[in-house]
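Protein chains in written order, with the working numbering: chain Z, 1 to 117; chain X, 1 to 114.
Keep in mind that a hint or two might mislead.
Unchecked claim - Here are a few chain X residues that sit away from chain Z, every Cβ distance over 12 Å (derived from the structure):
| hint | residue |
| --- | --- |
| 1 | 1 |
| 2 | 17 |
| 3 | 18 |
| 4 | 20 |
| 5 | 21 |
| 6 | 36 |
| 7 | 43 |
| 8 | 49 |
| 9 | 58 |
| 10 | 73 |
Stated by the list, open to error - Facing chain Z, according to a computed beta carbon distance under 10 Å, are these residues of chain X, among others:
| hint | residue |
| --- | --- |
| 11 | 19 |
| 12 | 23 |
| 13 | 33 |
| 14 | 37 |
| 15 | 40 |
| 16 | 68 |
| 17 | 78 |
| 18 | 110 |
These are computed hints drawn from the structure, not numbers from a lab. All C-beta atoms in this analysis are idealised placements derived from N, C-alpha and C, irrespective of residue type, glycine included.
What follows is each chain in one-letter form.
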Amino acid sequence: MADFVYLFWNQKEDAQRMAKATPEDRQKITGRWMAWLEELKKKGHVKDFGAPLEFTGKMLQGAQKRVTDGPYPEIKDVIGGFSLITAKNLDEAAELAKGCPILDMGGQVEIRPIRPM
Amino acid sequence: MSKFLYLFWNKPSNWNAQSPEEMERRMKKWMGWMDSLKDAGHFKGAGERLEDTGSLVRGKAKSVTDGPYAEAKDTIGGYIVVEAKDLKEAVELSKGCPVLEGDGLVEVRPIASM
Numbered sequence: 001m002a003d004f005v006y007l008f009w010n011q012k013e014d015a016q017r018m019a020k021a022t023p024e025d026r027q028k029i030t031g032r033w034m035a036w037l038e039e040l041k042k043k044g045h046v047k048d049f050g051a052p053l054e055f056t057g058k059m060l061q062g063a064q065k066r067v068t069d070g071p072y073p074e075i076k077d078v079i080g081g082f083s084l085i086t087a088k089n090l091d092e093a094a095e096l097a098k099g100c101p102i103l104d105m106g107g108q109v110e111i112r113p114i115r116p117m
Numbered sequence: 001m002s003k004f005l006y007l008f009w010n011k012p013s014n015w016n017a018q019s020p021e022e023m024e025r026r027m028k029k030w031m032g033w034m035d036s037l038k039d040a041g042h043f044k045g046a047g048e049r050l051e052d053t054g055s056l057v058r059g060k061a062k063s064v065t066d067g068p069y070a071e072a073k074d075t076i077g078g079y080i081v082v083e084a085k086d087l088k089e090a091v092e093l094s095k096g097c098p099v100l101e102g103d104g105l106v107e108v109r110p111i112a113s114m
């Protein structure tokens with residue numbers, strides 16, 4: 001078994017829409033995420049649920065440590081959260097990601113192997 | 001205290017192109033910086049370094065292509081979770097990150113409460 005991180009990419013415009021969602025809608029979305037992650041956990045694939053992120057933040061760059069508004073600019077997507085997953089290999093990790101609710105909302109899951117220390 | 005995620009962005013080739021001595025020197029800098037965050041109670045050990053490879057699953061068709069995410073000029077090479085008073089302090093603490101000595105970036109993001 002190996003460890004992978006799932007990075008959940010939203011489209012920035014979807015993220016802005018979600019920030020304005022009603023509490024009922026938000027609860028519905030959270031429910032779908034928890035159902036998917038609980039299912040993975042039951043099968044022993046969740047190492048850490050990770051966390052959802054606010055769609056705000058800052059960027060730091062260079063030796064001058066210049067601070068600008070985040071998230072990462074000039075791309076149409078934004079990372080909305082992450083989870084830590086255990087799977088046989090990258091193929092299985094990708095297969096398990098197919099149940100992620102973000103895919104129905106035009107989002108993407110980036111799957112990255114953890115580099116051992 | 002609130003929780004923040006630091007995402008470390010870099011050119012993927014930068015790390016692998018180093019000599020072993022350079023890699024060791026940079027590794028020590030990273031460890032030194034993270035130890036100082038740990039000693040001050042801002043870092044509890046949650047974080048990972050990532051390989052330059054990966055997959056991307058996309059859309060309702062659930063198409064799988066090679067990763068990492070390629071729209072940005074940089075890729076994420078790792079992340080850690082830190083605790084700070086507020087965004088301002090989280091930004092201040094990130095200024096010691098060795099990725100800033102090269103052409104990397106730190107993205108500081110508040111973690112949403114569940």
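*Agreement of hint residue 78/X with chain Z interface, Cβ distance less than 10 Å*: Holds, about 8 Å.
*Can we trust that residue 18/X is non-interface, i.e. its beta-carbon lies farther than 12 Å from all of chain Z?*
holds, 14 Å
*asked:* Next item in the hint list is residue 33/X. Is there a CB on chain Z closer than 10 Å to its CB?
replied: violated, 13 Å
*12 Å cut-off, C-beta based - residue 1/X kept clear of every residue in chain Z*: About 15 Å separates residue 1/X from the closest Cβ of chain Z, which puts it past 12 Å; holds.
*Least C-beta distance between residue 17/X and chain Z, which was stated to exceed 12 Å*: holds, 16 Å
_Quick check for students: does the CB of residue 49/X sit more than 12 Å from each CB in chain Z?_
violated, 4 Å
*Interface-negative label, residue 73/X against chain Z, beta-carbon threshold 12 Å*: Its Cβ does come within 12 Å of chain Z, the nearest being 8 Å, so this is violated.
_Given as non-interface: residue 36/X, which should sit over 12 Å from chain Z by C-beta_ = holds, 16 Å
*Should the interface hint for residue 23/X be scored as holding, given a Cβ-Cβ cut-off of 10 Å against chain Z?*
With a closest approach of 12 Å, the residue 23/X hint is violated.
*So, residue 110/X near chain Z? Judge it on the closest CB pair being under 10 Å.*
holds, 4 Å
_The hint names residue 40/X as touching chain Z; please verify it with the least Cβ-Cβ distance against 10 Å._
violated, 18 Å
*Could you check if residue 68/X really has its C-beta closer than 10 Å to a C-beta on chain Z?*
holds, 6 Å
The structure does not agree with the numbered hints 8, 9, 10, 11, 12, 13, 14, 15 stated previously, though it agrees with the rest.
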